[in-house]
Amino acid sequence: MAALFRHVTSPLIDNNPVTLQILGICSALAVTTSLATAITMSIALTVVLCLSSGIISAIRHHIPPVIRLIVQITIISSLVIVIDEFLRAYAFEISRELSIFVGLIVTNCLVLGRAEAFAMRNPVVPSVLDGLGNGLGYSLILVVVGSIRELLGAGTLLGYVILPTVENGGWFEPLSLMQLAPSAFFIIGLLIWAIRTRWTKQIEAPKFALKQRQARS
Amino acid sequence: MTVWIERMARRGPGAVTALQALALALPLAAMFAERGTAMVPVLVTALATALLWEAAFAVVRKHPVTFHGLTTALIVAIMLPAETSLWQVSLAMTLGIVIGELIFGGRGFGFLSAAAVSLALLTISFPQAQLAVPGTSIAIATLPGAALLLAFGLVPWRVLVATPVAMVLMMLASGAVPAIVPVLASLVFGLIFLICDPVASASTGPGRWATGLLAGLLIFLFNAGETMTVLPGAIVSAAVLASVFAPLADHLAMLANTAIRRRRHG
Numbered sequence: 001m002a003a004l005f006r007h008v009t010s011p012l013i014d015n016n017p018v019t020l021q022i023l024g025i026c027s028a029l030a031v032t033t034s035l036a037t038a039i040t041m042s043i044a045l046t047v048v049l050c051l052s053s054g055i056i057s058a059i060r061h062h063i064p065p066v067i068r069l070i071v072q073i074t075i076i077s078s079l080v081i082v083i084d085e086f087l088r089a090y091a092f093e094i095s096r097e098l099s100i101f102v103g104l105i106v107t108n109c110l111v112l113g114r115a116e117a118f119a120m121r122n123p124v125v126p127s128v129l130d131g132l133g134n135g136l137g138y139s140l141i142l143v144v145v146g147s148i149r150e151l152l153g154a155g156t157l158l159g160y161v162i163l164p165t166v167e168n169g170g171w172f173e174p175l176s177l178m179q180l181a182p183s184a185f186f187i188i189g190l191l192i193w194a195i196r197t198r199w200t201k202q203i204e205a206p207k208f209a210l211k212q213r214q215a216r217s
Numbered sequence: 001m002t003v004w005i006e007r008m009a010r011r012g013p014g015a016v017t018a019l020q021a022l023a024l025a026l027p028l029a030a031m032f033a034e035r036g037t038a039m040v041p042v043l044v045t046a047l048a049t050a051l052l053w054e055a056a057f058a059v060v061r062k063h064p065v066t067f068h069g070l071t072t073a074l075i076v077a078i079m080l081p082a083e084t085s086l087w088q089v090s091l092a093m094t095l096g097i098v099i100g101e102l103i104f105g106g107r108g109f110g111f112l113s114a115a116a117v118s119l120a121l122l123t124i125s126f127p128q129a130q131l132a133v134p135g136t137s138i139a140i141a142t143l144p145g146a147a148l149l150l151a152f153g154l155v156p157w158r159v160l161v162a163t164p165v166a167m168v169l170m171m172l173a174s175g176a177v178p179a180i181v182p183v184l185a186s187l188v189f190g191l192i193f194l195i196c197d198p199v200a201s202a203s204t205g206p207g208r209w210a211t212g213l214l215a216g217l218l219i220f221l222f223n224a225g226e227t228m229t230v231l232p233g234a235i236v237s238a239a240v241l242a243s244v245f246a247p248l249a250d251h252l253a254m255l256a257n258t259a260i261r262r263r264r265h266g
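First to last, the sequence lines map onto chains D and R.
Be aware that the first sequence starts at 1, since it is given in my numbering, and climbs by one per residue.
Be aware that the second sequence starts at 1, since it is given in my numbering, and climbs by one per residue.
The hints are simulated quantities; they were obtained by calculation from the structure and are not laboratory data.
Among these hints, one or two may not hold up.
[Said to hold, decoys possible] Distance ranges between label pairs, derived from CB positions: (1) Ala173(R) with Ala194(D): 19 to 25 Å; (2) Lys201(D) with Gly153(R): 41 to 47 Å; (3) Trp193(D) with Ala48(R): 20 to 26 Å; (4) Val59(R) with Lys201(D): 47 to 53 Å; (5) Trp193(D) with Arg262(R): 39 to 45 Å; (6) Cys109(D) with Ala33(R): 27 to 33 Å; (7) Pro206(D) with Ser85(R): 48 to 54 Å; (8) Val59(R) with Pro123(D): 40 to 46 Å; (9) Ala181(D) with Gln130(R): 45 to 51 Å; (10) Trp157(R) with Gly189(D): 31 to 37 Å; (11) Ala33(R) with Thr165(D): 34 to 40 Å; (12) Gly103(D) with Ala173(R): 56 to 62 Å; (13) Leu104(D) with Gly12(R): 22 to 28 Å; (14) Thr165(D) with Val59(R): 44 to 50 Å.
[Unchecked claim] Chain R is nowhere near these chain D residues, computed Cβ spacing over 12 Å in every case: (15) Leu104; (16) Arg121; (17) Val124; (18) Gly153; (19) Gly169; (20) Gly170; (21) Leu175; (22) Leu177; (23) Leu180; (24) Ser183; (25) Thr197.
C-beta: ideal position from N, C-alpha, C; glycine also.
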């Protein structure tokens, strides 16, 4: 049981898909301008990831290895279409804000990465839990980045005014940098820095190191 | 002279900063003459923020305390008008000096000019924030410092030549007749202290030509068709972008050099 639970907890920080494996960055940049879109995207991705991992794992022995990527993509894109239609039906405004990024979950390296690396080799239950864990790890980063960007970029959280802006007679001057994609890069970079300062095991060995000078005899 | 250069070179980045600070003394005086003592709060804020972060990083990383933030703060202060709100100055300095320099391990380990990053992030973050247009006296006051830095090899002369040439040629090619003297006067401070920054510019000869030309081209593009003066924002953006491309230019120059030497020597 504990071993199964590990599939869910380990991708949260120890093996986080965004900050350690650096996957799914492009959607993390695009949908984090506000918290509402970040949460919607997180839920959509987590659902797709769980279901696709489960389905792919269930039929993994029947997938011919040569066309496995095609089969995986077909399954993932069918699920994405369902999610996209669902959002259009029940959350039209948010689905308009997310525009093509829900559709682009198909190409999110995270989904295909887990399908290829985990679901193809593991039974259904661990695969679904692995999908859930990775989805939650991705969601955690998206929610943190989305909160920071919405709070500092517009002074609101989920649309509620937290820091009244100068325009509306308050004191807070929004940082328009936070509404631009580069700020998500900075924030994710700083997050990675913070995480690796606390969990030093994640630090990679430097590719290039200064040569130690030989001691003169 | 050469003995001096060798001595300075052996002293490392500290000596570079000292010389840059010396070169910045006259422009700083000219700035106070132009804009008055209203600049004191901006300068003090920039200096305090820069040195505080540098000291904090030195303590945490157990490095000896350095004072490279001094030149960053002086450059940023000279490029800002007195009306800039102080918390914006402080925030811009923090972002620029931490993300542009200290994250990489301090002066000389990164690939960006911390001052250019600070100013770029300030203008992107606060669209209403303006950069100061340096007046003629600042431009003239820059020249002795520029000569000093050039003599010690701390300003790459290829960039110094390529950037204004590319910019003026582009202006001419666009069909306008640029007002050469005001254009160069508004360019010279940013050219010396942002684009020709010894850390941020390329380190191979061809790479320096290439990034210098690129910076000139970018200044022309960012200048929005203006041919009577150079907007400070254009210089800052061009400096950041050119320095981002500098490692690539260096790499290509080295690849080309290896290929040429392999063909020559077998």
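Any hints this thing doesn't respect? Which numbers, in order?
Violated hints (numbers, rising): 1, 4, 6, 7, 8, 9, 12, 13, 14, 18, 21, 22, 23, 24 and 25; every other hint is consistent with the structure.
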